[in-house]
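These protein sequence lines map, in sequence, to chains A and B.
Mind the numbering: the first sequence is residues 1 to 292 in the working numbering, read in order.
Mind the numbering: the second sequence is residues 1001 to 1099 in the working numbering, read in order.
27 Å max Cα-Cα, derived DSS-like pairs, lysine-lysine:
hint, chain 1, residue 1, chain 2, residue 2
1, A, K110, B, K1091
2, B, K1089, A, K243
3, B, K1089, A, K81
4, A, K289, A, K26
Honestly, the hints are just simulated from the structure, not real lab data.
Computed from a predicted structure; not experimentally measured.
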Amino acid sequence: MYDTIIVGGGPAGLASAIYLRRANKKVLVLEANVCGGQIVNAKDIENYPGYEHISGFDFSENLRKQVLNLGAEIKYETVLKVDEDKKVYTANNVYEAKSVILAVGSKNRKLGITNEEKFNGKGISYCATCDGNFYRNKDVAVIGGGNTALDDILYLSDIANHVYGIVRRDTYKGELQELDEINRKDNVTILYNSVVTELIGNETIEKIKINNEKEINVSGVFVAIGQEPNNMMFKNVVDIDEKGYIITNDEVKTKTKGIYVAGDARDKVLRQLTTATSDGALAATYAIKEME
Amino acid sequence: MVKQIDSKEFKEVIKEGKIVVDLFATWCGPCKMLSPILDEISEEITTTKFYKIDVDDNEDVAREYNVMSIPTVLVFENGNLINTIIGLKGKEYLVEEFK
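Looking at chain A on its own, in the form it has when it is part of the complex:
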């Protein structure tokens, strides 16, 4: 029997583990893939207080080691279900705890168009810093209108021959400083009010169709259209909003006593590293209070 089981080993979950271990609680973190979550893909983190620069890998590894050094247990198993009695089910095990923190994060949103799966890893990429080098001196497109898209455009503009920024609206919703920098690049073209409607190619992507009419020749398409939640397996214990996020009472409590949610999985205004760790600390604090 654990005091708290944390589902998900990203920044929110591991921040919870730190607070819980410092209160001497018995903690199990269940992670389906690897610790760190989405931030692993970040080439350089520049907006986390206290760090001017740190890579996503270093950040994740530091966090994982910190949690292990504090005495938390981490197991690599996919959680399939959590019930009201705080029993947590994985494929081969059932774990019990007094409280559960759901920190399951979110996953890359897909374009949802034909051939996306076929070209995954063959022209379609969801991680510019991982795959950018394969497109050296080639033409690429970055789809999306937020900070990640701007980051990707900037990063790829130093590698690729030409970068097309493809954004649905007539503006970017991101850090203006980056947009200024992008506007100064002569190998970047931004196409506003544009949607990719078709991915064309044989073995790999050769061109894309914009707004069902114009075709552009590109070898790579970087998808940066945000994240989507992955919470439906918890709908027996939490309420889920129309977008799929777990509904909380403005903080991190769910409708079930002793089940909390932290990080990207919950309904909130800002999904960032800072807010993820903040949620984690808060969820741990509530869990500790309730166990007293």
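Once you have looked at the hints, place chain B on chain A.
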């Protein structure tokens, strides 16, 4: 530990038996996360041989197998490519794929 090889060795080692090859680069965060997982699995699945190859120094292998995303894990059986796993995956998933 998974042994690192170059493209010349690669052509030799895939010829016989079941072989897993991790295509990585030193600057790739997700690749760094995958590496210890494969080290661990390689200790457990002893019927399969595990290797890794740095795509920056061995572009020909990446090109031959149309690899445009890393990490990518290629699984061979007697020289034939039988599975391609693209992206960072957890141990549970990988063990299933390698069976």
